[in-house]
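Asks: Required output: the full structure, derived from the provided sequences and hints.
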Amino acid sequence: MASSIIIPPTDSVYISQYYHNTNFGAINQLFTGEYLRTTTNRCKPDSYRTLLKFPINLPCSSIICSAILYLFINRKDRPDNELSPQTVTIYENENDFNQAIVTWETAPNTVITPYSFNVIDSDVGTYISINITGLVQGWINGCNENFGITLIGKEGKPNTIIGYESTNNVNPPYLLINYSSCAGVTGAAGATGATGDAGATGTTGVTGATGATGVTGATGDAGATGAT
114 MASSIIIPPT DSVYISQYYH NTNFGAINQL FTGEYLRTTT NRCKPDSYRT LLKFPINLPC
174 SSIICSAILY LFINRKDRPD NELSPQTVTI YENENDFNQA IVTWETAPNT VITPYSFNVI
234 DSDVGTYISI NITGLVQGWI NGCNENFGIT LIGKEGKPNT IIGYESTNNV NPPYLLINYS
294 SCAGVTGAAG ATGATGDAGA TGTTGVTGAT GATGVTGATG DAGATGAT
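First residue of the sequence shown? That's 114 in this note's numbering, and the numbers climb one at a time after it.
What the hints contain is simulated information worked out from the structure, not anything from laboratory work.
Yeah, the Cβ is synthetic: ideal placement off N, Cα and C, and Gly gets one too.
Be aware that one or more of the hints could be misleading.
[Stated by the list, open to error] With a cut-off of at most 16 Å between alpha-carbon atoms, the simulated EDC-like pairs for lysine to aspartate or glutamate come out as follows:
| hint | residue 1 | residue 2 |
| --- | --- | --- |
| 1 | LYS166 | GLU195 |
| 2 | LYS166 | ASP124 |
| 3 | LYS270 | ASP159 |
| 4 | LYS166 | GLU278 |
| 5 | LYS270 | GLU218 |
| 6 | LYS270 | ASP190 |
| 7 | LYS157 | GLU268 |
| 8 | LYS166 | ASP209 |
[Stated by the list, open to error] Computed Cβ-Cβ distance ranges for the label pairs, DEER-style:
| hint | residue 1 | residue 2 | range |
| --- | --- | --- | --- |
| 9 | CYS156 | CYS178 | 44 to 54 Å |
| 10 | THR308 | ILE118 | 50 to 60 Å |
| 11 | ASP193 | VAL283 | 23 to 33 Å |
| 12 | CYS156 | SER229 | 23 to 33 Å |
| 13 | GLY255 | CYS156 | 44 to 54 Å |
| 14 | LEU289 | PRO227 | 31 to 41 Å |
| 15 | SER197 | ASN281 | 23 to 33 Å |
| 16 | THR226 | PRO192 | 19 to 29 Å |
| 17 | LEU196 | ASN281 | 27 to 37 Å |
| 18 | TYR131 | ASN257 | 28 to 38 Å |
| 19 | ILE214 | GLY269 | 25 to 35 Å |
| 20 | THR305 | ASP209 | 45 to 55 Å |
| 21 | CYS156 | SER116 | 48 to 58 Å |
| 22 | PRO192 | TYR131 | 20 to 30 Å |
Replies: Given below as structure tokens:
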């Protein structure tokens, strides 16, 4: 029988390339994309990335029917008529992080996943959903340790910031998992039991009906004539 569970993140934080040694764990916003930061006599790129981690405590035998990531979009700096699509790619973290201390310099290593999503103008002010079923199934099965994910948007293009609400905001991110439990592996056959005692003798059956009379036999030969 299928069950559902909603899981909020234990950690949700953004990191900044420009403020590479600053932690933003207390901020109620998340960002991806790039901002062009003007400094004295030059402009410096400032990429933003979002890190999320969800505690998934399900039996390892669970079958994940679906795992949907929900994010609330509240900012999009470039409209669709200037840049489309605006794709955000999901990376899997290869080591752990802590929302309260992580920075650009200390962020976990990542590996790309097959999952990504596009953000369009009409998404602003709404939740969007991203199917990451295979990624979550891998965590459940123990194929990969669950260190969470990193969202990476358009980098190398200025003013492509996309904003999301964080855990301590009105519309936090969450993971909706639909799952079912499968039966355990069939155990080995047990040893053959001891031979049981002989059963009691049954009652004598009812006498059968008398059979039909047999056919009359053939007449025998005449005997020899006796002596005078």
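Asks: Against this structure, judge whether each hint is valid.
Replies: Hint by hint, here is what the structure shows:
1. A threshold of 16 Å between alpha carbons decides the hint, and for LYS166 with GLU195 the separation of about 32 Å lies outside it, so the pair is violated.
2. A hinted pair counts as satisfied when its Cα atoms are at most 16 Å apart, and LYS166 with ASP124 qualifies at roughly 5 Å.
3. Distance restraint check for LYS270 and ASP159: the Cα-Cα separation of roughly 10 Å lies within the 16 Å cut-off, and the hinted pair is therefore satisfied.
4. Distance check on the hinted pair: LYS166 and GLU278 sit about 15 Å apart at the alpha-carbon level, within 16 Å; holds.
5. Distance hint between LYS270 and GLU218 is unfulfilled; the C-alpha atoms sit about 21 Å from each other, more than 16 Å.
6. With a C-alpha separation of about 12 Å, the suggested pair LYS270 and ASP190 falls inside the 16 Å cut-off, and the hint holds.
7. A distance of roughly 13 Å separates the Cα atoms of LYS157 and GLU268; the hinted pair therefore holds under the 16 Å criterion.
8. Of the supplied pair hints, the one linking LYS166 and ASP209 holds, its CA atoms being roughly 9 Å apart against a limit of 16 Å.
9. Separated by about 48 Å at the C-beta atoms, CYS156 and CYS178 satisfy the suggested range of 44 to 54 Å.
10. Between THR308 and ILE118, the C-beta spacing of about 52 Å keeps the proposed range 50 to 60 Å intact.
11. Between ASP193 and VAL283 the beta carbons are some 25 Å apart, a value that agrees with the proposed interval 23 to 33 Å.
12. With their beta carbons about 28 Å apart, CYS156 and SER229 fall inside the hinted range of 23 to 33 Å.
13. Under the hint 44 to 54 Å, the C-beta atoms of GLY255 and CYS156, about 46 Å apart, fit the expected range.
14. Separated by about 19 Å at the C-beta atoms, LEU289 and PRO227 break the suggested range of 31 to 41 Å.
15. For SER197 and ASN281, the hinted distance range of 23 to 33 Å is satisfied, since their beta carbons lie about 31 Å from each other.
16. Checked against the hint of 19 to 29 Å, the pair THR226 and PRO192 passes, with Cβ atoms roughly 28 Å apart.
17. Our hint of 27 to 37 Å for LEU196 and ASN281 holds, since their Cβ atoms are close to 30 Å apart.
18. Between TYR131 and ASN257, the C-beta spacing of about 31 Å keeps the proposed range 28 to 38 Å intact.
19. Range check, ILE214 to GLY269: Cβ separation about 28 Å, and the 25 to 35 Å hint holds.
20. Against the hinted window of 45 to 55 Å, the Cβ-Cβ separation of THR305 and ASP209 comes to about 52 Å, which satisfies the hint.
21. Between CYS156 and SER116 the C-beta distance comes to about 51 Å, which sits within the given range of 48 to 58 Å.
22. Roughly 24 Å separates the CB atoms of PRO192 and TYR131, a value that falls within the hinted 20 to 30 Å.
The earlier numbered hints that this structure contradicts are 1, 5 and 14.
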